[in-house]
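K.L.:
Each chain, written out:
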Amino acid sequence: MRGGRTGLAIQLVVLFGAALLVAGIAHNVSTNLARLGIKTGFWFLSRPAGFDISQTLIPYSDDSTYFAVFVIALLNTLLVSFLSIALGTALGFVIALARSSANGLVAAAGTLYVETFRNIPLLIQLLFWYFAAMQALPAPRTSFHLGSLIFLNDRGLFIPTLQFGHAFEPMAGAIVAGLALSVLLAAKARRWWAILPCILLPLAAGVYYRADIVWSVPQLQGFNFHGGVTVLPELLALTVGLSMYSASFIAEIIRGGIQAVSHGQIDAAKSLGLTRWQTSRLIVIPLALRVIVPPLGAYYVVVLKNSSLGTAIAYPDLILVFAGTVLNQTAQPIEVMTMTLLTYLALGYAFSLATSAVNRQVRQ
Amino acid sequence: MPKLSLRAAALAVCASAALFTFATAASAGTLEDVKARGVLRCGVAPNSPGFAAKDAQGNYRGFDIDFCHAIAAAIFGDAKKIEVSPLGLRDGFATLAAGGVDVLTHRLTWTFNRDNGTGVQTVAIVFYDGQGFIVRKSANLKSVKDLAGATICVAQGTTTELNIADYFRSRKIPYKLATFADLDEARNAYEAGRCDAWSNDRGSLAARSQAFKNRAEHMMLPETISKEPIGPIVRNGDDAWFHLVRWSVAAIIAAEELGITSANVDEMRQPTSSPEVKRLLGVGDNLGQKLGLSGDWAYNIIKQVGNYGEIFERNIGEKTPLQLPRGLNAQWTDGGLLQAPPFR
Chain A
1 MRGGRTGLAI QLVVLFGAAL LVAGIAHNVS TNLARLGIKT GFWFLSRPAG
51 FDISQTLIPY SDDSTYFAVF VIALLNTLLV SFLSIALGTA LGFVIALARS
101 SANGLVAAAG TLYVETFRNI PLLIQLLFWY FAAMQALPAP RTSFHLGSLI
151 FLNDRGLFIP TLQFGHAFEP MAGAIVAGLA LSVLLAAKAR RWWAILPCIL
201 LPLAAGVYYR ADIVWSVPQL QGFNFHGGVT VLPELLALTV GLSMYSASFI
251 AEIIRGGIQA VSHGQIDAAK SLGLTRWQTS RLIVIPLALR VIVPPLGAYY
301 VVVLKNSSLG TAIAYPDLIL VFAGTVLNQT AQPIEVMTMT LLTYLALGYA
351 FSLATSAVNR QVRQ
Chain B
1001 MPKLSLRAAA LAVCASAALF TFATAASAGT LEDVKARGVL RCGVAPNSPG
1051 FAAKDAQGNY RGFDIDFCHA IAAAIFGDAK KIEVSPLGLR DGFATLAAGG
1101 VDVLTHRLTW TFNRDNGTGV QTVAIVFYDG QGFIVRKSAN LKSVKDLAGA
1151 TICVAQGTTT ELNIADYFRS RKIPYKLATF ADLDEARNAY EAGRCDAWSN
1201 DRGSLAARSQ AFKNRAEHMM LPETISKEPI GPIVRNGDDA WFHLVRWSVA
1251 AIIAAEELGI TSANVDEMRQ PTSSPEVKRL LGVGDNLGQK LGLSGDWAYN
1301 IIKQVGNYGE IFERNIGEKT PLQLPRGLNA QWTDGGLLQA PPFR
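One line per chain: the protein sequences are A and B, in this order. Just so you know, we're using my numbering here: the first sequence kicks off at 1 and counts up by one. Just so you know, we're using my numbering here: the second sequence kicks off at 1001 and counts up by one.
If you're looking for bench data, these hints aren't it; they were derived computationally from the structure. Note that this is a predicted model, so its numbers are computed, not measured. The C-beta atom is built at its ideal place from N, Cα and C for all residues, glycine as well. Among the clues, some could well be false.
Stated by the list, open to error - Example chain A residues on the side facing chain B (calculated, C-beta under 8 Å, incomplete):
1. Ile38
2. Phe223
3. Pro316
Kindly generate the complete structure, drawing on both the sequences and the hints.
P.N.:
Right, dumping it as structure tokens:
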């Protein structure tokens, strides 16, 4: 960049030009909207939505507003993203180890996995898991089952669960708070009693609110199973597909990190008499993590964005429900798309901040 | 210094030019734009057999396409001057409002929320439809009420989602929903067993069920749980275009009422015909002038495309695979709801 007064003058002119462009576009948009009689504004968020969503992590009813729909869709997106990140990382770690193995067969299997799942477009993989795999699942009447507790059929996976009756909110809050507290204590204090909050808090809340804790088991009634927790086939297919796809990329990132540790370090460790386990824990893993964490954090943002392909297989995420149904029914495309874009932006930025924090930890 | 002034000046000129290209153009009416372009652009539902689908030669054919042909015949005297754009549920209104097409001859229902605040409006009703359910014959269901606890496949963004919520909730019938991005996906998922029922407007169900692997396995339940009046849609803010489309539709419906078909329209175009026939076909009067069209406008529509009955029978009638009965889409004189305002 040219410094001094000439450089500054050019930057100012370019900035002015860009501002003119943006102002021109905004003026054009508002004139067209006025001509067509379309009202702008976010008032639609307080109107009742009136349609049903197949997966709602928070209570949802007839008069829930479009804002509640936004929150539900956002929670669905986060759920599938976190599940896929967790499973994808675990699977990716295994594949990375397989590829680094001395055993030829295992290494070849790992390479086959990576090449297959990395090169087929994600959309096709998702469509496969949803439509092709779903053909293999039976109807509810003839479900695969584990005893009479867990059922798998083309309507989903049905698992028993605890139901809290009227005390749902306090119990849910207590469980989340208990878990958060436990994680915090485990990270800081690293003692056995860090596990206590996540048991004691829900227990206390249950007693205080007199929760009717009922064990709910899925049972076939008519067309479908009732009771227990339903894991939708859309969620299953999206999680499986996205995890397996992401695992192929994550495996390469992890393998790259492991290989980046120079052999000199390992030889030095051996000469110091460290065992293989000690070498891994004290030398290889910390050095590898420095190389792995930044690209891994960036790839987690990619997983978040890839979750939007769930619209192709009816998963009720932010794009299908909010930037789809709500956009159609309220006819407020600018407001809806702006909210959607800003949400993804905020989530991606949050992931980046978390990655930077972890990176700082790892580089110590 | 001279170098700096030149660059700065160039940048300033470019920026200003960019701004001026965005200045609101004085809006010439849609009719003038269409005449200047020489072709009418219609938005239609993607791949809806009977309503808007490509035939073996790659040409678009269907009920909705014929209405598009009719408007082109009225404007140009040549029904073939159309350009068809298949638009999904999400894109239809936005594309029309932004000017990508001139009219939507689509499968979108006329509702309050779509008329107000979307920048577009429905012109007239050409098809009275209603929401129905397709289920498997093997499930032995007699009525929608038997669907308690069932899973229903629907497409996102349609009135279907809302109608089901209203109907089932008011009768306190529990149900589960699986919402797909478009109608064909909903059908495929129902066929694969994901759902017990598939719901949409009966016309669309009839059209898209052509693609079932085994159509005989499926049946439609008797109930129609909603009103779905369907018709051409145009942008707000252009009254002349609105009237042109509205009276083109009226001419098609009136032609059937008056007994004018594409076969006999030449004979009917005589001074000896009834006064309303004469006015419609431009004998001794020129109604088309008030729409910005020639006096032959209705004659061209009927001669090149046909009256409502012919359009219906050709595309979705009893002799076609869709086998839709006229039902509510019959003339008011035959117990249906179609009635064109008088050409007087």
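K.L.:
For each hint, tell me whether it holds in the structure or not.
P.N.:
Tested hints:
no. : hint   : in the structure
1   : Ile38  : holds, 4 Å
2   : Phe223 : holds, 4 Å
3   : Pro316 : holds, 7 Å
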